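Colleague: The lines below spell out each chain.
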Amino acid sequence: MRSIVVIASVAVGLFAGMFMMAFYSGLVKQEVSIAVETQLSDIQIHNPAFPDDKDVNDTIKYASDVIANLRKDSTVKTVSGRIITTGMISSSSTASGVEIHGIIPSDEKGVSNISQDIIEGVYFSPSSPNTGRKGNEIVMGKQLADKLGVKLHSKIVLTFQSDSGNLTAGSFRIAGIFRSRNSGFDEMTVFTNFNELGQLLGTRNSIHEIAIMLKDDKKVEPVASGLKKQYPALLVQTWTELSPEMAMLTGLFDQIMYIVIGIILLALMFGIINTMLMAVLERQREFGMLMAIGMDKPRVFFMVVLESVMLTCVGIPVGILLTIGVVNLLAKHGIDLSSFSQALSQFGFSNKIYPELPTSMFLPITIMTALTAILSAIYPAMKALQFKPAEAIRKI
Amino acid sequence: MNYIIESHNLSKVYNPDTIPVYAVNGVDLHIEEGEFTALVGPSGSGKTTLLNLIGGLDYPSAGDVKIDGTDITKMSENKLIDFRLHNIGFVFQAYNLIPVLTASENIEFVMMMLKKPKRERDQRVKELLAEVGLTDKSKNRPSELSGGQQQRVAVARALASKPRFILADEPTANLDSKSTENLLEMMARLNKEEKMTFIFSTHDQRVIDNARRIVTLIDGKIVSDTKQ
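Chains E and P, in that order, are what the protein sequence lines are.
Under the numbering used here, the first residue of the first sequence carries the number 414, and numbering increases by one thereafter.
Under the numbering used here, the first residue of the second sequence carries the number 501, and numbering increases by one thereafter.
Simulated from the structure, these hints should not be mistaken for laboratory data.
Computed from a predicted structure; not experimentally measured.
For every residue, glycine included, the Cβ atom is placed at its ideal position computed from N, Cα and C.
Wrong hints could be hidden among the right ones.
Which chain P residues stay away from chain E? Per the calculated CB distances, all over 10 Å, these [to be verified]:
hint	residue
1	N515
2	D564
3	N682
Below, in silico cross-link-like pairs of lysine-lysine (BS3-like), each with a Cα-Cα straight-line distance of 25 Å or less [to be verified]:
hint	chain 1	residue 1	chain 2	residue 2
4	E	K710	P	K615
5	E	K796	P	K579
6	E	K710	P	K579
7	P	K616	P	K639
8	E	K442	E	K628
9	E	K522	E	K632
10	P	K662	E	K710
11	P	K695	P	K626
12	P	K721	P	K574
13	E	K555	E	K765
14	P	K574	E	K801
15	P	K618	E	K710
16	E	K628	E	K642
17	E	K442	E	K490
18	E	K485	E	K474
19	E	K564	E	K442
20	E	K442	E	K745
21	E	K490	E	K474
22	E	K522	E	K442
23	E	K801	P	K566
24	P	K579	E	K801
25	E	K796	E	K710
26	P	K721	P	K692
27	P	K616	P	K637
28	P	K574	E	K710
29	E	K641	E	K490
30	E	K490	E	K631
31	E	K710	P	K616
32	E	K710	P	K566
33	E	K765	E	K522
Here's a subset of chain P near chain E, in silico, CB distances under 8 Å, partners left out [unchecked claim]:
hint	residue
34	L557
35	D558
36	S561
37	L585
38	F592
39	N596
40	I598
Please put together the full structure from these sequences, using the hints given.
Modeller: Set out below in structure tokens:
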């Protein structure tokens with residue numbers, strides 16, 4: 414029974430540590446993926462002056478050539494050119510500041526998953542004249558629609574500064590409402606058609622932002638550095654440069670994860686010490702007898718530590734199998750945190766977390782657990798050495 | 501005269517700084533090779549303490565214990581453990597076998613500590629099981645043996661290292677009459693045929709009747725020492 418308790422402690426401790434890693438890994442990866450697929454994309458290119466003031470005249474020179482070259486690049490999956498400006502959105506009851514994205518919907522679908530987050534209406538009507546497409550469509554977030562008190566097909570007015578510095582306004586009809594996993598983004602961003610926004614702004618076919626998604630997200634850094642060399646006059650930024658707080662958060666999560674694992678291992682250590690100490694004290698007579706008949710102290714010490722190691726060797730595979738089983742199951746179905754969805758979406762987290770086991774962590778976690786078990790056995794083993802055989806033999 | 505065990509003015513005092521209790525008080529005892537000696541006396545007379553001192557399980561407060569001329573009271577704890585392993589066999593009242601090992605493994609265990617080769621161990625285990633009449637129980641664990649059988653395994657274990665003598669603390673206290681008779685008969689045979697020296701502490705009249713020398717202790721002192 415005692416052995417089962419130690420094996421269970423090791424298995425549960427290992428499971429807890431690895432599950433926390435899988436949970437955090439899934440959480441962070443999802444958060445990054447939400448940010449990249451909704452807003453950031455893997456790489457963005459701008460006129461170097463644009464990010465500071467978002468002046469409509471700071472467009473990318475020869476943007477169409479840059480886009481054409483990028484489309485020929487084998488590492489690039491999709492490219493989308495955007496017009497971006499800031500302005501006011503007004504309904505009949507209220508107004509709010511927004512960032513307006515002029516996009517080509519078919520291109521944008523490749524770099525942003527907003528089209529998949531539409532909860533009412535459509536992600537722009539098909540452009541064929543035969544379908545009866547109406548002009549000046551806008552797609553906005555549910556959060557913003559609620560704030561403005563507007564519904565699908567309601568009319569709103571966008572007011573912004575044109576390239577000549579004059580205030581200009583346009584009336585738009587809501588074609589679709591989306592709900593992404595980032596409520597801040599939903600409240601601050603609207604999408605209109607590229608050509609329509611270009612005409613109102615006076616920028617025509619000029620582009621403020623080129624969003625790039627790569628075939629392999631692990632190649633972001635080398636591809637970005639290649640583009641920086643290729644277009645020295647442009648500002649090429651990876652998602653970590655565009656959102657340093659996101660990169661910092663990822664690092665912070667790593668540290669939190671190690672702290673949590675440390676606490677779990679500490680709890681495991683006390684659990685094993687307690688169980689092994691009980692085992693040693695209960696077997697005092699046995700240890701007394703062994704010392705009486707000639708078992709030396711190093712052997713007694715080694716025996717207690719070895720017992721702990723053997724039990725750990727059984728507990729570790731049990732813990733690993735348990736983790737693989739549970740994580741695989743939850744990776745399919747997800748951990749539903751919808752009761753916290755409001756709070757989670759404010760921070761850009763999904764309300765369903767899909768844990769993902771970083772296989773590279775198997776070995777370090779296993780080694781840490783094994784070391785914890787061995788260290789935990791030292792105190793009980795030292796205790797066993799303190800027994801006096803003449804007294805210990807007579808213990809009941 | 502060459503004695504296997506000699507003690508001179510041997511004393512063990514508990515609570516020396518508060519209320520001193522003399523468990524053993526100035527004992528001079530000499531045991532020759534091949535003796536079959538019983539230490540007798542009422543509870544608290546110091547029998548077990550004297551055995552512990554002779555067996556090097558405890559250090560005396562005064563006096564010395566010499567085994568084959570070597571003073572074991574001057575040895576360090578580690579040296580004493582090694583000395584016990586090579587020279588002294590122990591039989592305890594509660595058998596104290598290792599519960600997870602079989603009868604043969606319990607016997608073999610001592611020889612493993614002595615780093616004897618496997619073939620020699622197997623041969624010796626076989627001989628000892630035959631000697632204590634438990635050849636057919638070699639694979640049984642202690643829980644599958646009667647009290648008498650467990651005590652025979654304990655005697656076999658004590659003999660495994662070919663010690664100079666065996667100390668047995670109340671070896672029959674937990675046994676029924678038949679088991680006691682069998683155990684005594686076996687130990688008497690070992691004493692006679694193998695010249696093995698036995699020293700018992702006992703209350704049991706049947707053991708006393710079988711002993712050839714009876715040392716009586718009262719309040720830690722030897723009050724009589726007779727041969728029969």
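Colleague: Hey, P/K574 versus E/K710, does the alpha-carbon distance stay inside 25 Å?
Modeller: Given that 25 Å is the threshold and the Cα spacing comes to 19 Å, the pair holds.
Colleague: Regarding the pair E/K801 and P/K566, is the alpha-carbon distance no greater than 25 Å?
Modeller: 21 Å, holds
Colleague: Going by Cβ atoms only, is P/I598 closer than 8 Å to chain E?
Modeller: 7 Å, holds
Colleague: Are the Cα atoms of E/K522 and E/K632 separated by 25 Å or less?
Modeller: The given pair, whose Cα atoms are some 21 Å apart, holds under the 25 Å limit.
Colleague: With a cut-off of 25 Å on the C-alpha distance, tell me whether E/K710 and P/K615 pass.
Modeller: Holds. E/K710 to P/K615 sits at ~16 Å (cutoff 25 Å).
Colleague: Does P/S561 pass the interface check with chain E, least Cβ-Cβ distance below 8 Å?
Modeller: 14 Å, violated
Colleague: Would you mind confirming whether the straight-line C-alpha gap from E/K485 to E/K474 stays at or under 25 Å?
Modeller: Judged against 25 Å, a Cα distance of about 19 Å means the pair holds.
Colleague: Between E/K710 and P/K616, is the straight-line Cα distance small enough, at 25 Å or below?
Modeller: Distance ~20 Å between E/K710 and P/K616 Cα, so the pair holds.
Colleague: Quickly compare the C-alpha distance for E/K442 and E/K628 to 25 Å and report which way the hint goes.
Modeller: 17 Å, holds
Colleague: Compare the distance between the alpha carbons of E/K490 and E/K474 with 25 Å, and conclude whether the hinted pair is satisfied.
Modeller: With a Cα-Cα distance of about 22 Å, the restraint between E/K490 and E/K474 holds, given a limit of 25 Å.
Colleague: Is the Cα-Cα distance between E/K710 and P/K579 25 Å or less?
Modeller: Given pair E/K710, P/K579 holds - Cα atoms ~11 Å apart, limit 25 Å.
Colleague: Quick one, are P/K574 and E/K801 close enough, alpha carbons at most 25 Å?
Modeller: 17 Å, holds
Hints 19, 26, 36 from the list above are not met by this structure, while the remaining hints are.
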